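Asks: Working from the sequences, and respecting the hints, build out all of it.
Sequence order for the protein chains is A and B. Quick note on our numbering: the first sequence kicks off at 1 and runs consecutively. Quick note on our numbering: the second sequence kicks off at 1 and runs consecutively.
One should not assume that every hint holds.
Mimicking BS3-like on lysine-lysine, the simulated pairs with C-alpha atoms at most 25 angstroms apart in a straight line are [claimed, not checked]: (1) A/LYS291 x A/LYS255; (2) B/LYS75 x A/LYS74; (3) A/LYS233 x A/LYS255; (4) B/LYS284 x B/LYS75; (5) A/LYS106 x A/LYS74; (6) A/LYS67 x A/LYS10; (7) A/LYS67 x B/LYS284; (8) B/LYS6 x A/LYS108; (9) A/LYS5 x A/LYS74; (10) A/LYS10 x B/LYS284; (11) B/LYS89 x A/LYS106; (12) A/LYS118 x A/LYS108; (13) B/LYS284 x A/LYS74; (14) B/LYS284 x B/LYS73; (15) A/LYS74 x A/LYS181; (16) A/LYS269 x A/LYS291; (17) A/LYS181 x A/LYS106; (18) B/LYS75 x A/LYS10; (19) A/LYS67 x B/LYS89; (20) B/LYS75 x B/LYS89; (21) A/LYS10 x B/LYS73; (22) A/LYS166 x A/LYS135; (23) A/LYS135 x B/LYS73; (24) B/LYS89 x A/LYS74; (25) A/LYS106 x A/LYS121; (26) A/LYS67 x B/LYS75; (27) B/LYS284 x A/LYS5; (28) A/LYS135 x B/LYS75; (29) B/LYS89 x B/LYS6; (30) B/LYS89 x A/LYS108; (31) A/LYS166 x A/LYS118; (32) B/LYS6 x A/LYS74; (33) B/LYS6 x A/LYS106; (34) A/LYS277 x A/LYS233; (35) A/LYS269 x A/LYS255.
If you are wondering where the hints come from, they were derived from the structure by calculation, not from laboratory data. The structure presented is a predicted model; accordingly, all values stated were derived computationally and were not measured.
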Amino acid sequence: MIEVKNLVKKYGNHTAVDHLNFTIEEGHVYGFLGPNGAGKSTTMNIMTGYLGATEGEVLINGHDILKEPEEAKKQIGYLPELPPLYMEMTVREYLEFVAELKGIAKNKREESINEVEKMVKIWEVENRLIRNLSKGYRQRVGLAQAVLGFPEIIILDEPSVGLDPKQIIEIRELIRQLATKHTVILSSHILAEVREVCDYILIISKGKLVASDTPENLERNLGDSDLIEIETKASPDEVRRILETVDGIRSISTKHLENGITWAQVQEKKNTDIREKIFQAFAQNHQPLLKLNPLQVSLEDVFMELTQSDRAAEEYAEKAKKKETEDMKDAGDL
Amino acid sequence: MLAIYKREVRSYFQSMVGCVFVAFLIAFTGIYFMAYNLTAGYPYFSYTLSGTLIVFIVGIPLITMRSFSEERKNKTDQLLLTAPVSLWKVVLGKYLAMVTVIGIPNVIFCAFPLIIKAQGTAYLKVDYISIGVFFLLGCVYAAIGMFLSALTESQMIAFISTFGILLILYLWNGILSMLPSSAVSGLVGVLIILTLIVVYIYQMTGNIVIAGVIEAVGVIAGVVVYFVKSSLYENLLTKMLGRLALADVFTDITSNSIVDITGIALYLSLIVVFVFLTVQAIQKRRWN
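Replies: Now the structure itself:
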């Protein structure tokens, strides 16, 4: 649906987007994730034809955004970071203008505008000047503008910035609703949002794509092993002795807490679940466990790791590749 | 294109800029009309119109200043440039809206010669041609203003630079009389102009080879012509740059009743050039 090939954007000496490659498939919600200044907005601006790229190309359903701009732009609805609103117009006038600009047939404009107004709930403010609307309503009018004409691809740049929690929830609902019929791409630096709404995440850092996967896979692929946290009243030495009898443990670290409780963190080998074994081992030694807690790597950790250090990003890419070949091998065995 | 045109025209009259421009121009012309034609009994409306020219120099920048700079500042250009409309149409839509605003007072002016006729003899042909050329001159000024507006994010800078350039063009004949007329100075002048054009080409393309080749060929050709036939360069600067006194075409009609067709062609080509340059300026910004 959208193919981004080897995209580079330079501002003087500064490289904002650095050889970006990815493909967007139909019918998913994609999330662009990255810290501020990572190149998300620049990438989106290039994809929608607002900016030209220094190198590389963007194909929208096979149409190059630079060579056949009109064909390509017809399939995209775009809400930039700052909604492009004309303050001196009323909401209705503005949407009529956008509908005409997008080349929606005259007899369908009215109907299309009404539908969109209902969808983003700006029906009751349609005769007010945009200048007098609150930030939340302005954002919705911007969204209405992007959705108008129901293009196949809807690109939203930080759609929930500056909104109150209730409005954020409403916008998310709306995105989910849109996702049933459209391909949605949104950018954000808020993890919770991306996690909740998107079914595919592209993490961008310093203009490079450092990871692209489903949220679940991202969490699973980072770190070879899972951590288990336990607490018991046995002494640290005792804990180590008991744990040594259990198979599948990579490393143990212990700490004696003030109230006579020993805290231990056990790193298990990949694809093993040793929680039951640990329980049994302690039970056999008559040492009751006060706590047995599997720690999972969260998306936050993935994000921090990938965007903070270049090395982690490279390692992740390698690991993802290895996993892919392993999966293929497994498939072959079957 | 039609959508942009309609929006722009409406916005001119909603934001009062259009109304102020039309009212100001008509009020000013009305005063001149009273003084020259009605009180003094001079039968040419074209003469009155030439007095109004100075209002254009203040009024046109007022109309053109916000055309692209405001869009860029408010980021509404993102809507226009990501819509399935070519940049040419965006620029033309805006330009035609300005032309419409400038056209309104000119249509009203068409009534003035008839008032004169009702009182006695009128020279309708000269009067209507001068109104037409006056309108065209306004369109040229608007194209220049639009181009300058596309270069900046600030309305104020767009206004002041347009006003400055129009004022210089207005006073051009005076400035021109200070230029030297010898052949050598003609050559130097031509080379300076050539270099300015080459610098602009380099700025736009970033290609040093093309710019260098044009500059080298131009310099060689210029110097060769100087040695072969230096008389060509005499008074060349005054002749060449004299064309920039744009209002001359108009004042020739109003004071001497001479219609210079090449002058009208010059107006039209300047409009095309500046609309083209506006498109290029916006394109260039997308690639930087």
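Asks: Next step is simple, just say for each hint if it's right about the structure.
Replies: These are the hints, each one checked on the structure:
1. A/LYS291 x A/LYS255: holds (14 angstroms)
2. B/LYS75 x A/LYS74: Distance ~20 angstroms between B/LYS75 and A/LYS74 Cα, so the pair holds.
3. A/LYS233 x A/LYS255: Cα-Cα ~12 angstroms, so holds.
4. B/LYS284 x B/LYS75: Judged against 25 angstroms, a Cα distance of about 17 angstroms means the pair holds.
5. A/LYS106 x A/LYS74: Between A/LYS106 and A/LYS74 the Cα gap is close to 16 angstroms, so the pair holds against 25 angstroms.
6. A/LYS67 x A/LYS10: Roughly 20 angstroms separates the two Cα atoms, so the pair holds.
7. A/LYS67 x B/LYS284: holds (16 angstroms)
8. B/LYS6 x A/LYS108: Holds - the C-alpha atoms of A/LYS108 and B/LYS6 are around 19 angstroms apart, at most 25 angstroms.
9. A/LYS5 x A/LYS74: holds (20 angstroms)
10. A/LYS10 x B/LYS284: holds (14 angstroms)
11. B/LYS89 x A/LYS106: Measuring from Cα to Cα gives roughly 19 angstroms; hence the hint holds.
12. A/LYS118 x A/LYS108: holds (16 angstroms)
13. B/LYS284 x A/LYS74: holds (23 angstroms)
14. B/LYS284 x B/LYS73: holds (17 angstroms)
15. A/LYS74 x A/LYS181: This hinted pair holds, its Cα atoms lying about 16 angstroms apart.
16. A/LYS269 x A/LYS291: holds (20 angstroms)
17. A/LYS181 x A/LYS106: holds (23 angstroms)
18. B/LYS75 x A/LYS10: Roughly 21 angstroms separates the two Cα atoms, so the pair holds.
19. A/LYS67 x B/LYS89: This hinted pair holds, its Cα atoms lying about 17 angstroms apart.
20. B/LYS75 x B/LYS89: holds (19 angstroms)
21. A/LYS10 x B/LYS73: Holds - the C-alpha atoms of B/LYS73 and A/LYS10 are around 22 angstroms apart, at most 25 angstroms.
22. A/LYS166 x A/LYS135: holds (13 angstroms)
23. A/LYS135 x B/LYS73: Between A/LYS135 and B/LYS73 the Cα gap is close to 18 angstroms, so the pair holds against 25 angstroms.
24. B/LYS89 x A/LYS74: holds (16 angstroms)
25. A/LYS106 x A/LYS121: holds (23 angstroms)
26. A/LYS67 x B/LYS75: holds (24 angstroms)
27. B/LYS284 x A/LYS5: holds (22 angstroms)
28. A/LYS135 x B/LYS75: With Cα atoms ~16 angstroms apart, A/LYS135 and B/LYS75 stay inside 25 angstroms; holds.
29. B/LYS89 x B/LYS6: At roughly 13 angstroms apart (the allowed maximum being 25 angstroms), B/LYS6 and B/LYS89 satisfy the hint.
30. B/LYS89 x A/LYS108: holds (23 angstroms)
31. A/LYS166 x A/LYS118: holds (18 angstroms)
32. B/LYS6 x A/LYS74: This hinted pair holds, its Cα atoms lying about 21 angstroms apart.
33. B/LYS6 x A/LYS106: holds (15 angstroms)
34. A/LYS277 x A/LYS233: holds (18 angstroms)
35. A/LYS269 x A/LYS255: Distance ~21 angstroms between A/LYS269 and A/LYS255 Cα, so the pair holds.
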